[in-house]
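Undergrad: So the chains spell out like this:
2 protein chains.
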Amino acid sequence: MILLRSHIGLVLRSSRVEQGRTLRDVAKSARVSLGYLSEVERGQKEASSELLNSICSALDISLGEVLQSVSAQIKVQETPTLIVVDDAA
Amino acid sequence: MILLRSHIGLVLRSSRVEQGRTLRDVAKSARVSLGYLSEVERGQKEASSELLNSICSALDISLGEVLQSVSAQIKVQETPTLIVVDDAA
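Going down the list, the protein sequences come from chains A and B.
For the first sequence, the positions run 1066 to 1154 when the numbering used here is used.
For the second sequence, the positions run 1066 to 1154 when the numbering used here is used.
Treat each hint with caution, since some may be false.
[Stated by the list, open to error] Mimicking BS3-like on lysine-lysine, the simulated pairs with C-alpha atoms at most 30 Å apart in a straight line are:
#1 A:1140 <-> A:1110
#2 A:1110 <-> B:1140
#3 A:1093 <-> B:1093
#4 A:1110 <-> B:1093
#5 B:1110 <-> B:1140
#6 A:1110 <-> A:1093
#7 B:1110 <-> A:1093
#8 B:1093 <-> A:1140
#9 B:1110 <-> A:1140
#10 B:1140 <-> A:1093
#11 B:1110 <-> B:1093
#12 A:1110 <-> B:1110
[Claimed, not checked] Counterexamples of contact, computed for chain A against chain B with all Cβ distances above 10 Å:
#13 1070
#14 1129
#15 1143
#16 1153
[As the list claims (entries may be wrong)] Here are some chain B residues pointing at chain A (derived, C-beta under 8 Å):
#17 1068
#18 1094
#19 1139
The hints are simulated quantities; they were obtained by calculation from the structure and are not laboratory data.
Each residue gets a CB set at the ideal place from its N, CA and C atoms; glycine is no exception.
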């Protein structure tokens, strides 16, 4: 099943890792606990809209960008896989 | 403050209204309570990822489409308003 929180977590984590930052650093800057941020990144907890904004601020990314990446990821997952069978082979 | 839950609610509500369906009908089909759906639509409650999927199913729309509309709405809200002053006037 495609879960919104998993995709939000993936996008937040990849953004943090790209910036070479630690969970501790981003959690402190977003004023959330390290455990909370870790659970959100792993898709184990739904981030409230307010804390999602804090995490985006801490990462210096816009919520719109995060959601755009999330929707792109979800659309790829929703697309049925096409298997091409090459009869000529 | 831009809140994800408000934008998700707006997109779900406009989709339901476009289809000419009632809260009662969609809530029943999504197996959520009418009060819950109403609160989600008004941005007063964070929908869990699982129930968001149920609501999307009930509306026969994909989560990817919902998130695409949500990200577009949020990006518009994030864009600073440009006021053009026409000196020639």
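Undergrad: The structure should be examined with respect to each hint, and the outcome stated for every one.
TA: Okay, the hints, checked on the actual structure:
no. : hint              : in the structure
1   : A:1140 <-> A:1110 : 22 Å, holds
2   : A:1110 <-> B:1140 : 25 Å, holds
3   : A:1093 <-> B:1093 : 42 Å, violated
4   : A:1110 <-> B:1093 : 26 Å, holds
5   : B:1110 <-> B:1140 : 22 Å, holds
6   : A:1110 <-> A:1093 : 18 Å, holds
7   : B:1110 <-> A:1093 : 26 Å, holds
8   : B:1093 <-> A:1140 : 26 Å, holds
9   : B:1110 <-> A:1140 : 25 Å, holds
10  : B:1140 <-> A:1093 : 26 Å, holds
11  : B:1110 <-> B:1093 : 18 Å, holds
12  : A:1110 <-> B:1110 : 15 Å, holds
13  : 1070              : 5 Å, violated
14  : 1129              : 4 Å, violated
15  : 1143              : 5 Å, violated
16  : 1153              : 35 Å, holds
17  : 1068              : 4 Å, holds
18  : 1094              : 18 Å, violated
19  : 1139              : 4 Å, holds
Checked against the numbered hints listed earlier, the structure breaks hints 3, 13, 14, 15, 18; every other hint is satisfied.
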